[in-house]
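Participant: Sequence:
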Amino acid sequence: MLTKLLAAFLLLSVFQACSRKIDDGEDEDRTVNQTWVLTSKMQDRDATKILNHLLKEYDKKLRPDIGMKPTVIDVDIYVNSIGPVSSINMEYTIDIFFAQTWIDSRLRFNSTMKIITLNSNMVGFIWIPDTIFRNSKKADAHWITTPNQLLRIWNDGKILYTLRLTIIAECQLQLQNFPMDEHSCPLIFSSYGYPKEEMVYKWRKNSVKTGNEKSWRLYQFDFLGLRNTTKIIETTAAFTLDERIKLLQAATRYSS
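Mapping of the sequence shown onto mature numbering (1 follows the signal peptide of the UniProt record, and there is no 0): residues -19 to -1, 1 to 237, in sequence order.
Hints are computed from structural coordinates only; laboratory data are not their basis.
Where hints are given, some of them may not hold.
[To be verified] Capping the alpha-carbon separation at 20 Å, the derived lysine to aspartate or glutamate pairs in EDC-like fashion look like this:
| hint | residue 1 | residue 2 |
| --- | --- | --- |
| 1 | Lys139 | Glu179 |
| 2 | Lys186 | Asp57 |
| 3 | Lys177 | Asp111 |
| 4 | Lys190 | Asp46 |
| 5 | Lys177 | Asp55 |
| 6 | Lys139 | Asp55 |
| 7 | Lys212 | Glu178 |
| 8 | Lys139 | Asp46 |
| 9 | Lys95 | Asp137 |
| 10 | Lys41 | Glu194 |
| 11 | Lys186 | Asp55 |
| 12 | Lys212 | Asp46 |
[Said to hold, decoys possible] What follows is a set of in silico ranges between Cβ atoms, one per label pair, in the way DEER data are often shown:
| hint | residue 1 | residue 2 | range |
| --- | --- | --- | --- |
| 13 | Ala122 | Leu36 | 16 to 26 Å |
| 14 | Gln153 | Asp111 | 18 to 28 Å |
| 15 | Trp124 | Gly192 | 15 to 25 Å |
| 16 | Lys41 | Asn129 | 17 to 27 Å |
| 17 | Gln201 | Glu178 | 25 to 35 Å |
| 18 | Arg26 | Val104 | 18 to 28 Å |
Ideal Cβ placement from N, Cα and C applies to all residues, glycine included.
Just need the whole structure built from these sequences, with the hints factored in.
Facilitator: Here it is as structure tokens:
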């Protein structure tokens, strides 16, 4: 009888010890989860506090450094796809991520947070470049499942604004040498209203990249490569900096 009681006591002790370990583990998990939740909430509160402070007297109608120096917009483009190209309508379709980076000293902040990443809801509250695509016939922003826009603010006032666009752009195909001809289809963008004395576009290093070319719908064309160039043009309003990217250099396929 004593042996049975002793065995039962030992089993009960082991069970209680295991239960304590499980409870301790659960307590640790709860502590970690509570810490994570508290940290997340603190960061949310910090970000909200920072944004409220930055926007309190912010005027989005005014460009950064107005009256002092031009606002420099660094640009890079990721090409998801090109095509189709229409020799009848003299146009081509391109799907891109278009990224613009600039400095807005009014949006500097002091915090342990280095970057605040925001969605499209914030875009309407700050100044953004009035970039247009000069040779576009039609341009659509992507909205599914939410607007395909990203906004990042660094603590030094650097802003990154990225959006996804599908553009149908003019391309004057010269077919005199068909079928042995080559073509260059540009995508031309500039500021809509600012002259070059107020806003300057610059290409970032390695500023043009492409996705998987095998999925591109070029049909009777062969893709030869990309290059980006800069040209200053004169408009009726002022000089603007015109960025011309050679999005498509194509050799027409011919089969007898």
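Participant: Hint by hint, which ones does the structure fall short of?
Facilitator: 4, 10, 12 and 17
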